[in-house]
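Asker: One-letter residues, chain by chain:
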Amino acid sequence: MIADFAWIRPEPAGLYVRPADLWIDPARAVPRALITHGHADHARAGHGETAATPETLAIMRERYGQIGEARPMRYGDRVSVGNGVHATFLPAGHVLGSAQILLEHAGERVIVTGDYKRRADPTCAPFAVTGCDLLITEATFGLPVFRHPPIAQEIARLLAARAAEPDRAILVGAYALGKAQRVIAELRAAGFADPIWLHGAMERMCRLYQDHGVALGDLRPVAGASRGDLAGAIVICPPSALGDRWSRRLPDPVLAMASGWMRVRQRVQQRGVELPLVISDHADWDELTTTIAEIAPAETWITHGREEALLRWCELHQRKARALALVGYEDEAE
Amino acid sequence: MHHFTALLDTLLLTRSRHGKLAAIVRHLRTVPDPDRGWALAALTGGIDFPAIKAGVVRTLMAQRVDPVLWTLSRDYLGDTAETASLLWPDPPEPAGLPPLLAEVVETLGTATRANAAARLAGLLDRLDSDGRYALLKFATGALRVGVSARLAKLAFADAFGVPVDLVEEYWHGQSPPYAALFAWAVEGAPAPSAALVPLYRPFMLAHPLEDDQLDLETYAAEWKWDGIRVQIVHAAGQTRLFSRGGDDISAAFPDIAGALAHPAVIDGELLVRGDTQGPAIGGGAASFNALQQRLGRKTVSARMLAESPAFVRCYDLLGAEGEDLRPLPWQDRRARLEALMPRLDPARFDLSPLIVAESWDALAQLRAEARDAAIEGIMFKHRQSAYVAGRRAGLWYKWKRDALRIDCVLMYAQRGSGKRSSLYSDFTFGCWTADPDAGGELVPVGKAYFGFTDDELAMLDRHVRQHTVAKFGPVRETDKSLVFEVAFDSVHASRRHKSGVAMRFPRIARIRTDKPAHEADRLATLMAMIAD
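Residue numbers (my numbering), protein chains in the order written: chain A, 2 to 335; chain B, 211 to 742.
Since the hints were made in silico from the structure, they are not lab data.
Careful, some of the hints might be misleading.
To be verified - Here are the simulated SDA-like pairs of lysine to any residue, each with C-alpha atoms no more than 20 Å apart in a straight line:
| no. | chain 1 | residue 1 | chain 2 | residue 2 |
| --- | --- | --- | --- | --- |
| 1 | B | K263 | B | P244 |
| 2 | B | K608 | B | Q423 |
| 3 | A | K321 | B | D276 |
| 4 | B | K610 | B | E420 |
| 5 | B | K690 | B | R625 |
| 6 | B | K681 | A | A297 |
| 7 | B | K681 | A | R313 |
| 8 | B | K708 | B | I740 |
| 9 | B | K681 | A | A71 |
| 10 | B | K708 | B | T735 |
| 11 | B | K725 | B | G650 |
| 12 | B | K657 | B | H677 |
| 13 | B | K725 | B | S691 |
| 14 | B | K681 | A | E309 |
| 15 | B | K657 | B | E695 |
| 16 | B | K608 | B | P308 |
| 17 | B | K690 | B | S704 |
| 18 | B | K690 | B | G649 |
| 19 | B | K725 | B | T735 |
| 20 | B | K681 | A | R33 |
| 21 | B | K681 | A | R323 |
I would like the entire structure built from these sequences, with the hints used as guidance.
Answerer: This is how it looks when you write it as structure tokens:
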């Protein structure tokens, strides 16, 4: 039998699962949604029934206050979502609570990876390789130029910069959900025990991570600190605050940024970053291609990102694939 | 090589001019000869390996990487060297220690077209990705680290405590790795002599005149002819013709270079004989378009020499009989120039006349007529000012004729290079062949990549992404809904362009979100503005 996957359909607003009348990570409010992870472009406000991992639901509550009818999905539980469709949430290794969603219907198995990575991350459960007939994968870093270095190497560069500039603060721009906590946890893993200072926008998510058992050590708000406290300190802020007036309160900060895009020199220049840290919560080219090869699905659909190159790779490796044009996912924020 | 790799990295990550300057100073003081000289050559655009062109890099990559993946990556990053440095496969075994720049120069400088790719590959195999990036930037030029040749020379002057004007001056008699220049600056060896070689002198430049009026007693007025600024130097039996950037263009203009046999340094405008410019005032010069046929050639045919004879309209005299006249006031240099003119070949050299106007209003009237006379505008020169390198406040001003303007429709956009590599910042726009309601179509008339603010660029980038109707590699075709008011200096007939016209200095003057696309201008309107 040739699989046709007619029951799952890419729509401009997201993936639509027809028999169960539900959407995956929809860009607009819908009556029934499955949410892969808590980043705002995937987990939007205003849905009715909202199925996600307990961590993702907690993140959404933190951000939006009340959410519709919350339906917690624990990793590995196979749950009926209506009309002969079953969903299993599996760890995606992207951020706390992030999930791939395995959908089963009419004898066909479909995995929607959501955003994912394959590297070890002390703040979330590792990606589970699971067999399927159709793999719907992200492609944020879907170009062969993107090969992320080991995170330990980047953390070592961060600590070396701090040692070289003892009178300056090191200001690290990092996405408030996931990246910031991962950088902090990796700093702790590297033996850095000093207080780490937080921009106000970082505090809630760090607390949420700590409440979920992720050890982040001594975190302090920049708001209450004196200039003297911050000389030689590591400060974490959202990327948007790097060039902002806010950073003037810090002693001559070294501007660092933790992002997979820091691989691209011209991006580094555009951002005015002095210390680019190539740290990403997305799969790089090798991870994307290895994952497709390991899972070996009958067909691969490629959602947001640099889909053309991954499509080409599939063609070169005689794998059936197509690119979906989904709107609304902001890969630049990584 | 690793010093140079680190220098590039630092320059890229350092935003302030001061910080960049300090990094180059440090490099020049600490790195041994001749590598520091080669680094300086790279920063000032002095490296040229004839056998190593971007095509060699592409060829090499095509043997190692799928061409489609290469093209997608290259288009995304907007930089060939960076893409190649990231996609180059690490060799299974390290192929030796990283090379010094001197070895790179030796290896690539003696390469032939037949062995260039293999030699470059051998070097790439000995470097990590940062080193490969530095090597490719070094070998193919265009470092894009926000350092001008001027800043590099300033750093050289700072590093060794010598005056930058002398560095600029001696520079042109030297070639990389500048051993004599380092010997002079570092060890106090005698200066490279200016009398023995026809040296280039840094040009004096003008500020644009804004809304001010100048006192005509203090400033002399002169036409700004529409050719290219040149400097012609005769010394020790040799003659050189230099463009404003210091390039030696003697070979393309043997008619000029062969016509000066008098020890002199003349600043003037290079023009071609014709009757377009200044017909009423005995201008005797063809349009810029005519001159352009002769630019950018390595050699020139006898026919071209006969059909488009070049000449220099003299503005200034910087040296004569071995004497440096630059410290003299402009009016004294002008007198010396006027005295020299009778001794020059009148077919190749004439004097740029001064404009005598009774009042500012009379001058403004003359400027308003400049467009009809195909002249770029008016120059003002302080009568008491010495000839000094660069653009100094208060000494020289240019008062260009007003720009032409036309409303065009955005048709295609392409990502920029360098700083704008992720933004759609190169715009192709068109005019209607006829009334769009009567079957008129848009035809591209020009391309612009500046004139807008950063905020406007962000808006344009968004517009392009949201209004794309087709993609052709790196180019996006838009839905032809956005109108630009395009300002440009002049427009010329062109056989190379489908529209039949070519604009000079087009830039986006305004984004006309208020104007519907069908109200944009007709091609005929633009045709009517052709000046030649």
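Asker: Give me the numbers of the hints this structure contradicts, sorted from smallest to largest.
Answerer: The structure conflicts with hints 1, 6, 9, 16, 17 and 20, although it agrees with all the remaining ones.
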